Every structure is written in structure tokens, then in C-alpha cells.
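J.: Residue numbers (this note's numbering), protein chains in the order written: chain Z, 12 to 127; chain U, 31 to 143.
Keep in mind the hints are simulated off the structure, nothing from the lab. Hints may be right or wrong, so weigh each one.
To be verified - In the DSSO-like style, the derived pairs of lysine-lysine whose C-alpha atoms are separated by at most 30 Å in a straight line are:
| hint | chain 1 | residue 1 | chain 2 | residue 2 |
| --- | --- | --- | --- | --- |
| 1 | U | 86 | U | 72 |
| 2 | U | 72 | Z | 78 |
| 3 | Z | 30 | Z | 51 |
| 4 | Z | 51 | U | 142 |
As the structure is a computational prediction, the values presented were derived from the model and not from experiment.
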Amino acid sequence: DTAVSQTPKYLVTQMGNDKSIKCEQNLGHDTMYWYKQDSKKFLKIMFSYNNKELIINETVPNRFSPKSPDKAHLNLHINSLELGDSAVYFCASSQIGQRSTNEKLFFGSGTQLSVL
Amino acid sequence: GESVGLHLPTLSVQEGDNSIINCAYSNSASDYFIWYKQESGKGPQFIIDIRSNMDKRQGQRVTVLLNKTVKHLSLQIAATQPGDSAVYFCAENGSSNTGKLIFGQGTTLQVKP
């Protein structure tokens, strides 16, 4: 029944490794997002996809590569992990539609990434 | 640049009292505003939203007030309960129509029994 689900919940890895976080939404929304929350709880958008098309890329290092195989899924792959990548990553979705009106985002429960 | 801020990082209230959490935004082009609640270990949960053509909106025990003149947003929680303890975020859409939300720093609400 979970509307936006992301896995894994926790991810602990060594510097230099490559890792992926998966996200799926069953709300029928057309837009999905990745947000990063730092240790001070600040939430910042990283990427957004609308119907599998990238519409927002907020100057994120190209070690981060989102992939959207269909509009219900948005995965995040991170290459060559660095200490500064440690954070909580949230997936979210919303329905923008053709009117491009803002609507609330529905968030997943987060993936806590710890890079050692 | 665009920013949304909150006046207080932590708010402590007595159970049963009303809570008011404030937020200042900077982008006058924003026409959509939203409050989220984030409990420990969870993702942000929607509380209430408001569009710029309104100045007040009420939900169950919550009220959002929007003052566009001074670019100020507030969340009022009536009869605060221990379960209301969480971090509260305001967010705005800025000048974007991509669905992107710009979040403030967050206010931690502590409810004392």
C-alpha cells in the first residue's frame, strides 16, 4: 500500500564504491524527484523527471545519474562515492499534468547513506 | 537566489497549548506554499497547502496563514499534542512550473507533557 517506496532504507559503504537507490510510486503520478537532506535537515532538490524526461538537474555532480525506466520508477545511481555524499536521500512524486500547476509532493521514507 | 527561511530553529510548547511556526519566503513569484511534518526516521508528510489567491486555509487542528505583502507564512496548530513533535518545513514553488518545491530550514517542535 506504500505510495512512494524506496530501497534500501540504510546504505553503508566505502569511499569510491558505486551504489544505487531505487524508487517506485504507485500513485499514477507523472513526475518524480530526488531530494537530498543534509545533517542539518536541509532538503534540496537534485533531479526531477516528468514522464521519463529529465526536467530538473540542480548542478549535481555527474557522479549522480538518475534513471527513469518508466514514469513509476526513478532510480539514483552514484559512482565513486565520497564522504560528502553521506546524507538522507528522499524520493518523491507529484502530478503536474498539462496545466503545470504545483501540487503536493508525496515523499518516500528515505535512504540513509553513510560513506565511510 | 531563492530561499525560504524559518524564524526559529526550535519551538517548545506545553501540551494543549497552540503552536505557531513562522516562515519567511523571498520569491514574490511563488504562488503555491506548503507545510510538511517530518518525524524522526520518516519522510516529510503533507500537512496543508495554500495558493496565493488565498490568505487563510484551515485543516483539522491546523491553519495556514499567508501574508503576501510581507512574504510571510505561518502554521498554527491548535491544542498541540505529543504526537505533533517533529520538524516542520515550509516550502514554496518559486518561479518554477516544474513541480519543484524550495524548502526552508525546518523548525523543531517539542511538545512538553
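J.: Each hint needs a verdict: does it hold in this structure or not?
T.: For each hint, the structure was consulted:
no. : hint           : verdict
1   : U/86 <-> U/72  : holds (28 Å)
2   : U/72 <-> Z/78  : holds (24 Å)
3   : Z/30 <-> Z/51  : holds (23 Å)
4   : Z/51 <-> U/142 : holds (23 Å)
In this structure, every one of the numbered hints holds.
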